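Novice: So the protein lines, in turn, are chains A and B.
Quick note, the first sequence lines up with residues 81 to 417 if you use my numbering.
Quick note, the second sequence lines up with residues 85 to 416 if you use my numbering.
Everything labelled a hint here was simulated from the structure, so no lab data went into it.
It is possible that part of the hints are untrue.
Here are some of the chain A residues that sit facing chain B, going by a computed Cβ distance under 10 Å [to be verified]:
#	residue
1	Pro159
2	Leu193
3	Lys211
4	Thr215
5	Lys261
6	Ser283
Predicted, not measured: the structure shown is a model, and the values here were computed from it.
In this text, a Cβ means the ideal position worked out from N, Cα and C, and glycines have one as well.
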Amino acid sequence: MRLPTIALTLLLFAHAPAHAGKTLDQVRQKAQLACGVSTGVIGFSAADSQGRWNGMDVDICRAIAAAVLNDPGKVKYVPLNAQQRFTALQSGEIDLLSRNTTWTLTRDASLGLHFTAVTYYDGQGFLVPKKLKITGAKQLKNAEICVQSGTTTEKNLGDWFKAQGIKVKPVVFEKFEASIKAFFSGRCQAYTTDASALAFIRSKEAPNPDDYVVLPELISKEPLGPVVRRGDDEWFAIVKWVIFALIEAEEYGITQANLEQMKSSPDPAIQRLLGGAEDSGKLLGLERDWAARAVKAVGNYGEIFQRNVGKDSPLKLPRGANALWNKGGLLYAPPVR
Amino acid sequence: MPIAVAPAPTPAARWRNIGLQALIAGLLLALLWWLIDATATNMRERGIRSGFDFLLEPAGFGIGESLLPFDSTDSVLWALAAGLANTLRVALPAILISTLFGTLVGLGRLSPNLLLRKLCGAYVEALRNVPLLLQLLAWYFIVTDLLPAASEALQLAPHVFLSKSGLSLPWLGGDGGLLNLPQRGAMNISGGAAMTPEYLALLLGLSFYTAAYVAETVRAGIAAVPRGQSEAALALGLTRLQNFRLVLLPQALRGIIPPLTNQHLSLTKNASLAVAIGYPELVSVANTTLNQTGRAAECIALIMAVYLILSLLTAWLSAWLERRSGRWADRS
Ligand SMILES: N[C@@H](CCC(=O)N[C@@H](CS)C(=O)NCC(=O)O)C(=O)O
């Protein structure tokens, strides 16, 4: 943050009080959802050459816009770097922060924000040049490690190496771009961030991906998920339940393709989720087909995963911890009932 | 030089003046108080924690290079102090370099030699018209691209290495006795004192950028001394050098010092652009703190307070220098 922005931020805190319970009304009134995303992490949120946004985090924005506004296209994407993201949400510039953001106690309990649900279970890893012949993070003694500021990454780095009794030198950049550029120019012996992002950085940003490896160990837990402002329980519930609905849809085998057939399924749970026999939307302040609209827009959770980061994407990340609870993963949504 | 003295104000006018000033000061204070109060209230309503208690908690993050000994278990306050020390570590040498170099360029612009004059003019125009941030990034990526990888560091002299990790020199103290020598490690150079590429880029970028402004200040200051002064001095038989030292410079300094100290102050503030190229100065450390603790308003207030103190110190130093140079001018 530079000096002029500092004064602005102060003013921002001093201006109007929180608008409790009004997010849904505002979004409807503007007919647009302002969604905070990253400045470009492929697989999560990145704009293509035509300026269209793609990624898992982007699909969450689209799903919510579909549920609330009946149009997944009515989203305004606000690219934010690691440092800007919370201020943008606190100040009301965005209605929802959907940007590879780790749920931690400090963030949840002191920023005036609520984490809604986990959309990706991640962990922090290291990317190193192959020629250094490093096979584990413990060999990074005295290494210089490039990292972006304003992330949990920076503190995990301090914690983990402290616990190992190993000294390393962080080289901290404000902007993501500068940090990876410095790494690929050889300034640092390792780059560290969430493992999911490392996969993208290696395959898309490296001059030659084969010259780099992602080390096997993860040094932290990084549960990533969307965040909303405190003081608006109605909106908090909507975001949470749209995500749960996407996960439930996968559990019940409802996909973008079979959605219409599923609407006539005899299964009461599916009827409830898709707004057939019962109106589950009423309780959230939404129309009865809220969940069906979300699935229609982006598919179920599994489809979102495979399309953006999984087997149908260039990143080819395994489902791993992000498989459903009954398939050996951690995804477990409370029932839409 | 004769000094114009304003007529003394009448007692009534003096009181009016004092009253007006007190009113303005009072209004400003009230505004400040309102701002702080509104901020605190709003933050409380939005569930944002506030307070300065975090300053004494362990920082938890590392600082890559630090003049002060720093470990991630040290307090946040100490981390900020290390950041401030790093700011001064780059600002003070940059002030020195920019002043010396800028003065030379400024004199060059007044030189009778056409080529030199044009060259210096081009330097000033080029450096002043490209945003500093771009210059810093350019310096940084030139430095890191050109230097050899840390595993293949150039050895310039025994225990002096140059690589993408920077310039490593032997230094006092450290883990093993009196002298701390840089060593080749498996991956890079460790030990000794290092001037990292971040530091070097910032030092060069700030110095050369500010030098352009210093050059203009010096040129303008000298050009502002009436021509008659030099003509008289030369007519009295002073050499050109004597004329410069005894007649031109003392008079020019009065016009040069105030804007010059302003340049020094801008330089110190511009050092905060280091966040773009990874040098851990005050604003960079405060940013990290802000993000780890979530105490945005507090960290920002702290940064503002530190820069305010630096500004006041500089202003005070400038006033002192001005008085001194005034005396010098009166004496000669
Ligand atoms: N999950 C971590 C790290 C998230 C993060 O900001 N990662 C960086 C490095 S991959 C990033 O997304 N940068 C992109 C940007 O700043 O736009 C957190 O919440 O702090």
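Novice: Look at each hint and say if it fits the structure.
Specialist: Status of the hints after comparison with the structure:
1. Pro159: violated, 17 Å
2. Leu193: Leucine 193 (chain A) check passes; min Cβ-Cβ to chain B is 8 Å, inside 10 Å.
3. Lys211: Result: holds, 8 Å to nearest chain B Cβ.
4. Thr215: Violated - the Cβ of threonine 215 (chain A) stays beyond 10 Å from chain B, reaching only about 13 Å at its closest.
5. Lys261: holds, 7 Å
6. Ser283: violated, 23 Å
In this structure, the earlier hints numbered 1, 4, 6 are contradicted, and the remaining ones agree with it.
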